[in-house]
Amino acid sequence: MTTTAVPAVAPAARRRPGTATVLRWEVAKLAAQVRSRALLIGAIVVPVAVVLIFNTQLPPKDTIYGRHIHTSGYAVPLFVLAFAHQWVLPLLAALVAGDIFANEDQHGTWKTVLTRSVSRTQVFWAKTLTAVGFNLLVLALLAASTITTSLLVVGTQPLPGLSGQLIPAGHALPLVIASWATAVAPMLGFTALAILLSVTTRNPTIGVAAPVVAGMIMQLVSSLGGLDQGRRLLLTTPFEAWHGLLTAHPFHAPIVTGAVVSAGWLAVCLAPAHRYLRRRDITGG
Amino acid sequence: MTRTRTIALASGLAVAAVGALAGCGQPDVTKSRLERAIGPAFANLYVQRADLLGEHGVTVTRIGAAPACDRGGPKVPDVGPGPDWICMIHFIDDHGQPQDGKFEVQVKADATYVAGGPSKLIGQATLTDSHGHDVPNPVFEFDGAFDPDN
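Chains as they are written, first to last, in the working numbering: chain S, 34 to 318; chain F, 18 to 167.
Using 30 Å as the maximum straight-line C-alpha spacing, the simulated DSSO-like pairs for lysine-lysine come out as follows: (1) S/94 x F/48; (2) S/94 x F/125; (3) S/94 x F/119; (4) F/137 x F/48; (5) F/137 x S/94.
Calculated Cβ distances over 10 Å to all of chain F for the following chain S residues: (6) 62; (7) 65; (8) 73; (9) 150; (10) 185; (11) 186; (12) 188.
Calculated from the structure, these hints are not laboratory results. In this text, a Cβ means the ideal position worked out from N, Cα and C, and glycines have one as well.
So that you can see chain S by itself, here it is in the shape it has in the complex (with noise of 0.2 Å):
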């Protein structure tokens, strides 16, 4: 009896791919969208368009770091980023990672991923690290993007504190990107909420705009100022962490306090997404 089962199981064994293999090719899937690609050049094109057009307006007074848009170049990331975050990051985490597991379902493909020798656990990291390593990629080009641009058009004067202090040229990259760095933590913790909204419905168009939708709520009831400490619970707050950074005295309880939540929304939007996805019966498309 042993000597039969040894060899059948040893070879299987080998032949199980790991999650990596999983991952190499959700990458490939991702790679072969033109949506994604698009994104990707989107992520670089847009914010130079963006820049060159607001070179030209009014400064809108209206946004934080709006006024300076025009007297220095580093204030002009600051601008995009405190724009950005009220809808326009959201929406892209939830580009991707909205529909990386729904769009199996569109397509009726579940079966086919599943009859290859890999457990559903793996599936699902492998579909989750490719949606937040793309999601980290399309922030981190969109940041550089942004920043050069900035840099290039308007200059590199010193910027204007969050104090009436006038930060020098040299400080002020380093705070810049510490500054869009912040808005990892909240942007994973959306991806995740796109996530389970993907994997729960699996509609690709809830998985997408329900995100988007959610995050303009979270905005709503934090502006509404009623909430107090109750807007550090929400995932919309530690976009507005980094303000913290550019003041005299710089405070970075909020950049923690934001990381620890959005790895609270992390945590439980991925477990019951995990947990949906390994008990769901998959017989059908």
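The hints should help you fit chain F onto chain S, whose structure is shown.
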């Protein structure tokens, strides 16, 4: 069934958590936080304005900005975001005269504010600097932020 239960559970938890924290939380926007932020910000910007005008010897310490902020008159508690904050800033101007400037301040829930100064004391939106160029008056209207935790 599972889906409905998951969504119901998640939203229930979220609402409960927000409600619990909203009930016992301290307000983010308070009079003292705003005063501690707007005083130094005004002084810094007033020094920048003096530099643009070519007036030397104006320093943050000499200005001695002392703000007193109030929201919406005596009947409204001085906490919370809103467009109805007023900060009276007492300071020594560039001619050495004591002044009281009334600043209209819009405080936002994200612990940032926009302050607009009185043009009689601080000039118009645009200044003519010492080189004859028209430049924005840094203290005419300015953005600032304060720590919502401290």
